[in-house]
Amino acid sequence: MKIERGKLIETLKELKGKGYKYLVKIAGIDNINSISVLYFVRDIDNNKEEVVEVELDPNDTALPSVEEVYKAADWYERTLYEMFGIEIKGRQIRRLLLEKWNGKGAPLRKNFEWGAPYETKQSKKAVA
Amino acid sequence: MLTFSTSAIANWLVSLLSSASIVKQAEGLAAYAIGVAILIMAFAYFLGWIERKIIAKVQARHGPTVVGKYGLLQNLADFMKLLAKSNFFPKSSDKLLFAVALPAMLALSIFLILLLPLTPSTGIGNMANGLLIVFALFAFMPLLIFINGIASGNKFGEISAQRSVIMMMSYEIPMLIVIASIGMLARSYDLVNIVESQAHIWYIFLMPLGFFVFFVAMLAELERSPFDLREADSELIAGWLTDVSAPYYTLALFLDYTKMFLGSLIVVILFFGGWSGYGLLPVFWLVVKALIFAIFVMLLRATAVRMKLDRLLRLGWLALMPLALINLIVAYLLFVM
Amino acid sequence: MLIKSLAKTAKSLKDPRFTIDYPNEKEQLSDNERYMLRLDMPTCISCAACERVCPNKTITMVDTPTEKGVKKMPQVGIERCLFCGLCQEVCPTKCLTLTKGYDFEAYDKREFVKRPEELEG
Amino acid sequence: MTTKINIGPIHPSTHGVLRLVVELDGDTIVGVEPHIGFLHRGVEKLAENRMYMQNIGYMEKIDYVAPMAYDDAYVAAVEEAMGVEVKERAKYIRTILLELQRIASHLLWLGTMANDLGQFYTLFMWTFRDRDKILRLLQEHAGARMFYLNMRPGGVVRDLPPDFEENTLQVLDYIEKRITEYEHYLESNQVFIERTKGIGVLSREMAIELGATGPVLRGSGVNYDTRSNKPYYAYSELGFRPQVMFVGDSFARYKVRMLEMKESIRIIREAFKKIPEGDAVGMPIRLIMPQAKNRIVTVSRETPRGEAFIYMIADKERPYRLSIRTPSFINLSLIDEIAKGSRLADLFAILGSLDLVMADVDL
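Protein chains in written order, with my numbering: chain G, 1 to 128; chain S, 1 to 337; chain H, 1 to 121; chain W, 1 to 363.
Rather than coming from a laboratory, the hints here were simulated on the basis of the structure.
Even for Gly, the Cβ is constructed at its ideal location relative to N, Cα and C.
Don't take each hint at face value.
From the derived model, a few chain G residues whose C-beta atoms are all more than 12 Å from chain W [said to hold, decoys possible]:
#1 18
#2 27
#3 38
#4 55
#5 56
#6 60
#7 64
#8 65
#9 74
#10 88
#11 90
When the alpha-carbon atoms are kept at most 25 Å apart in a straight line, the in silico SDA-like pairs for lysine to any residue are as follows [to be verified]:
#12 57(S) <-> 44(S)
#13 11(H) <-> 139(W)
#14 45(W) <-> 88(G)
#15 133(W) <-> 18(H)
#16 8(H) <-> 69(S)
#17 155(S) <-> 233(S)
#18 14(H) <-> 74(S)
#19 7(G) <-> 92(G)
#20 57(H) <-> 43(W)
#21 57(S) <-> 157(W)
#22 69(S) <-> 39(S)
#23 293(W) <-> 157(W)
#24 69(S) <-> 18(H)
#25 8(H) <-> 177(W)
#26 100(H) <-> 139(W)
#27 110(G) <-> 58(W)
#28 100(H) <-> 136(W)
#29 316(W) <-> 92(H)
#30 48(G) <-> 38(G)
#31 8(H) <-> 208(S)
So here's chain G without its partners, still in its complex pose (with noise of 0.2 Å):
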């Protein structure tokens, strides 16, 4: 189901309703063009599953918080906001994975640079 970024919080919202209380994943894919974000939602007592896809323009990625329908969602946002570069609006986010990282880009882009090897203080003194 591919639905406009303004209209998720009230299809998710819909969903729950109907029974989909179980937030399997947040998945993010770059697509190059675009990157959509999917979110797979479970009905457990009917076992039935529903995929919600959000399609963003690479240069404007900011997604609103779904935390307030789904609270499993936390970590999940946080790990596609350090991944994907994904802003999250509505709540303050923190890195979950790469706490302290200090690259530059989204590592699970396409058009990440992997740059030269992370530079370590044993490795600067092996050096010089």
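Add chains S, H and W to chain G, keeping to what the hints say.
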């Protein structure tokens, strides 16, 4: 404060000793002290080895095998390794107290062993109030742990120190009540009298309840599982020993087994008839009984799941306390009246 | 109560040990174990299939003098090896195989980079 | 006044590199904030840069306690992308091996949980010994103790060894006896009951809301198991029943895993009765540079820790995008909710009952 209290006690003891009759000559005292020191060292060393081997056997492992025959020298090798490391105190620690507390604890436990009568004729503790003095001094142990924990300036040490004091509140009073009932049965607080009054029947058969209470309290005092809350390795890393560096850690290990020796000696003297036994030297029987008790405690360590602090408090006040009182009353009604 | 568990602990004192005294005893291994690599140099046809399939880029083809002149043969950096066995499966002449030898050690990390000659035998 | 203490990243009972910042009010926990990422390897990114079969070794290392579960989940995704059917005998073999792996993983968990509760490694060593027997069986088949790499699209790398059935049934008898023994051993210990019952309660609603998976979800009374709800392999033929407890505390989670082990043993025995003859060997390595049939693939597999969910976009040579939802990751995010209000010592009982593997959390 610490040095003050120990010196005050020392003065008090000296005044007591001067009235004691058995050991009069200083030379005899020194010889005795050396003998006991060797005994303590040997016991602590082999207890360490036995614990490693027994727990390994319970867990279907080998235990130490490489250094020495049956890994007998493994502990020595470990001690050497630990002693070879540098000693330092963390920045946030109170260096004086931190440096003093652990050696003081070791000194205290060795001193307590010296006070106990190992045979009918030896022991400095052959005095009218031996039992009370031993436990008065023993009560300093949790306090020293508290001092060490707070002085280490580590949060885990701090929590451990708090636990130490809370634990003391839970088990100390029931233990003292049991001691009172022992004094009542023997009609004396003299340790030699207590042992001799058990010549016909051991106190464990007269007061099984009292023994249970005393045993639980002793486990808590010795930091043995399931009451090793202060050192709780899966919770507090090493509790009050978290910031202790290697040479001090050897002290701590040595202290652990010295305390174990002390605890088993006390239990044997109070409940298992001390040195009484047939043939052989009296010390032999005492040590064998202590060893059996120590092995039992080790098996318990391999079995038990650690108790929680609030549960221990409840156990202390709602189970041990009434049991100790019942024990006192029953013992009075049955054996004294 | 705790007594029951304690009895179980005491009973387990007579259980046999399951650990082995390692350097003296060794494990029995089945034939399809995947440990140290072995190269049969005469049958190697220098196809570099192993180099391409290696997920960790552990295998590199290096010039090796043989009886028939200098040929490219796989050199393995054992310290990065996953022991996944893909090279073994992909090898067309079955000259690169994983053997049962699981105890290898070195003082220097560089000794773990095995030349084709070292892999043989 | 509250104090903050730092548990980890180096701590005896965080099972790896987990850092918890715990806010304490006296001895009561006010809040727990997990800091993760110490073991982050970027598996998803690595997978995008390697060919399909090269990835399989990396997938196993996501969860080093039950590597075959991820091995299987990834290969299943590749199979679906290629449109390959799993051979009938291979289905049974996979079921047997995966259930053996589950027992091995749960045994390791049982030991570490007792350890977290303050037992001195005894149960840990015992369960380790029993787990070793299972690893031995898997080693016989796959050729490695831990990282098997025995799944191939369409089947397994080689058929079971000739005496596998006999040995397995023997080991299962042994383990069944042992599990019952351990159950008595722990449950006759009053202190163990006190430390797990009523500790770290997760209600049914919260479990669903927060997305708990696996035994944690089932311990809270939700009857959801991928093996029965989206049956794969031979599970539906073997009459698999999910194990559910309704209380939601640490003890319920413990009990669910114990029951699961028994259920696994039953299933394996059943599978040996029904296993068909025939070919079970999957494709050899070099055929697998697939002609993608389905571009978008979703696969759910029940690993010992919970549901692993793989979303894959298949490209010609390598996955275009491989997104994995690991069970430990989401189970760890519950910790704040569960641990709030309990004592510091309970935190470790709760952590133990969640069965976390840090590599699984950080991916």
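Hint numbers not upheld by this structure, sorted from lowest to highest: Of the numbered hints given earlier, those the structure breaks are 2, 3, 9, 13, 16 and 21, listed in rising order.
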